[in-house]
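*Asks:* In the working numbering, the protein residues as written are 76 to 479.
Since the hints were derived computationally from the structure, they do not count as laboratory data. Ideal placement from N, C-alpha and C gives every residue a C-beta, glycine not left out. Check each hint, because a few of them may be wrong.
[As the list claims (entries may be wrong)] What follows is a set of in silico ranges between Cβ atoms, one per label pair, in the way DEER data are often shown:
#1 Leu437 - Ala299: 23 to 31 Å
#2 Gly256 - Ser172: 30 to 38 Å
#3 Gly352 - Ser172: 42 to 50 Å
#4 Ser391 - Ala246: 52 to 60 Å
#5 Tyr451 - Asn369: 51 to 59 Å
#6 Arg329 - Thr95: 30 to 38 Å
#7 Val169 - Met303: 50 to 58 Å
#8 Thr81 - Thr373: 55 to 63 Å
#9 Ala299 - Arg231: 50 to 58 Å
#10 Ile238 - Val267: 14 to 22 Å
#11 Ser220 - Ala302: 20 to 28 Å
#12 Ser103 - Glu440: 40 to 48 Å
#13 Leu239 - His99: 26 to 34 Å
#14 Pro228 - Thr81: 30 to 38 Å
[Unchecked claim] Taking lysine to any residue pairs in the SDA-like style, the calculated list, with each CA pair at most 25 Å apart, reads:
#15 Lys345 - Lys454
#16 Lys454 - Met399
#17 Lys345 - Glu406
#18 Lys345 - Asn416
#19 Lys454 - Gly331
#20 Lys458 - Arg329
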Amino acid sequence: MLSVPTLWTIFIVNFVAIGTIWVHVARSYPNLEAARYWTASALLAAFGAALAMSRGFIDPQHTTLLLIPLVIGGSILILAICLAAMGIRQFYGVPVSWRSTAAMVGINFFGLAYFVWDDNMMMRIVIYSACQSVPIAMTLPLLLSRKNGNVHPGARLAGWIAILMIGVYAARAVAAVTGVGGPVSLVDFNRVQALFILALVFLSMMWNFGFLLMAIDRLRAEVADLAMFDDLTGAANRRQFLTRLNEECARSGRSGEAFALLMIDLDEFKEVNDNHGHAAGDECLRLFTRVAGNRLRTGDLLARMGGDEFCVVLPSTTLREGAMVARHILEACQNEAVQGNGVSLALSASIGVAQWRPEIGLHAERLIAAADRALYTAKNDGKNGYAVFDVTPLESEPVLRKSA
Numbered sequence: 076m077l078s079v080p081t082l083w084t085i086f087i088v089n090f091v092a093i094g095t096i097w098v099h100v101a102r103s104y105p106n107l108e109a110a111r112y113w114t115a116s117a118l119l120a121a122f123g124a125a126l127a128m129s130r131g132f133i134d135p136q137h138t139t140l141l142l143i144p145l146v147i148g149g150s151i152l153i154l155a156i157c158l159a160a161m162g163i164r165q166f167y168g169v170p171v172s173w174r175s176t177a178a179m180v181g182i183n184f185f186g187l188a189y190f191v192w193d194d195n196m197m198m199r200i201v202i203y204s205a206c207q208s209v210p211i212a213m214t215l216p217l218l219l220s221r222k223n224g225n226v227h228p229g230a231r232l233a234g235w236i237a238i239l240m241i242g243v244y245a246a247r248a249v250a251a252v253t254g255v256g257g258p259v260s261l262v263d264f265n266r267v268q269a270l271f272i273l274a275l276v277f278l279s280m281m282w283n284f285g286f287l288l289m290a291i292d293r294l295r296a297e298v299a300d301l302a303m304f305d306d307l308t309g310a311a312n313r314r315q316f317l318t319r320l321n322e323e324c325a326r327s328g329r330s331g332e333a334f335a336l337l338m339i340d341l342d343e344f345k346e347v348n349d350n351h352g353h354a355a356g357d358e359c360l361r362l363f364t365r366v367a368g369n370r371l372r373t374g375d376l377l378a379r380m381g382g383d384e385f386c387v388v389l390p391s392t393t394l395r396e397g398a399m400v401a402r403h404i405l406e407a408c409q410n411e412a413v414q415g416n417g418v419s420l421a422l423s424a425s426i427g428v429a430q431w432r433p434e435i436g437l438h439a440e441r442l443i444a445a446a447d448r449a450l451y452t453a454k455n456d457g458k459n460g461y462a463v464f465d466v467t468p469l470e471s472e473p474v475l476r477k478s479a
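Let the sequences and hints guide you as you build the complete structure.
*Replies:* Shown next, in the form of structure tokens:
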């Protein structure tokens, strides 16, 4: 049968190793704020276990001295589990509460203190198990929630391990109350309690591995976003635009339902960069992205193609409806301006509007060419306006209607 010092030694060694890993993660990825909580949790768990283990060197008759390792060490372990739970909340952007953490640590502290003084091992196990289980249980709605219809692997692993940990704590408390396995002393647990603690050591390690997988999932998602979004404006990038455009062409090819495409250039953008600096130009790009995005529906896609060129994919939209969207974007730009070198720079754009039709089929580049021709007309007609590409077949010379 495993002795108490052996179990605590295993716990300490494991959590020092886990804490060292989290220190590296926290330093390597400073924006992952949850890693700081998980680092503190692992290191405090190792320290609390070391302090609790020191009770083996104290005469059980010295009740006052036993308060130090049992009560303080146990409370530090409760603080560690609360910090782990707070890290999960931070990971999901949910505000953390130090009050609830202080309350849980306080309940454990005074409960253990009383029953150390009263020498009731059963109640100490019950109180400690309950104070460990409550913070873990509070993380389950976050870990097992479906974000965008998906449960991420790391969170799912951490959630199921949390459920197992709660089950083991509950079984340990019940075993203590019912006397299953025999008596429990300060130095040696009975076989059943030893197995419970060994299981909790293993599950605690696995829980932290779940956190690591959560961090990997988050970092992988951020890398995917970098591959699909423009880092300056936050709009979709050219890669995502072309993927979406091909998807819409395929969908319309099957259903026959039209969709619209807008090609947009910011007016006088080169002059803004040349005369007022690239910082002013960058702010124009960001401002236009915000203004245009506010005029689009949830399913629409705004993409930056490069420089001052943008595209908008409008699913289930006719040419007339696309022209209305273009007009709304231009109207929204009229009251917007950027400050450059003390000068107010008005925001304006030229927009070309085209609609998918059967002649285009799966050839997305034909739709782009049609919208680009409409954009060319809008710029030649004085800018700060839009033009639409008529329904003339692409094999013929297109007729463009300028709309004020």
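*Asks:* Take the hints in turn and mark each one as holding or not.
*Replies:* Taking the hints in turn, this is what the structure says about them:
no.: 1; hint: Leu437 - Ala299: 23 to 31 Å; verdict: holds (26 Å)
no.: 2; hint: Gly256 - Ser172: 30 to 38 Å; verdict: holds (37 Å)
no.: 3; hint: Gly352 - Ser172: 42 to 50 Å; verdict: holds (45 Å)
no.: 4; hint: Ser391 - Ala246: 52 to 60 Å; verdict: holds (56 Å)
no.: 5; hint: Tyr451 - Asn369: 51 to 59 Å; verdict: violated (27 Å)
no.: 6; hint: Arg329 - Thr95: 30 to 38 Å; verdict: violated (55 Å)
no.: 7; hint: Val169 - Met303: 50 to 58 Å; verdict: violated (26 Å)
no.: 8; hint: Thr81 - Thr373: 55 to 63 Å; verdict: holds (58 Å)
no.: 9; hint: Ala299 - Arg231: 50 to 58 Å; verdict: violated (19 Å)
no.: 10; hint: Ile238 - Val267: 14 to 22 Å; verdict: holds (21 Å)
no.: 11; hint: Ser220 - Ala302: 20 to 28 Å; verdict: holds (26 Å)
no.: 12; hint: Ser103 - Glu440: 40 to 48 Å; verdict: holds (42 Å)
no.: 13; hint: Leu239 - His99: 26 to 34 Å; verdict: holds (27 Å)
no.: 14; hint: Pro228 - Thr81: 30 to 38 Å; verdict: holds (33 Å)
no.: 15; hint: Lys345 - Lys454; verdict: holds (14 Å)
no.: 16; hint: Lys454 - Met399; verdict: holds (18 Å)
no.: 17; hint: Lys345 - Glu406; verdict: holds (22 Å)
no.: 18; hint: Lys345 - Asn416; verdict: holds (16 Å)
no.: 19; hint: Lys454 - Gly331; verdict: violated (31 Å)
no.: 20; hint: Lys458 - Arg329; verdict: violated (36 Å)
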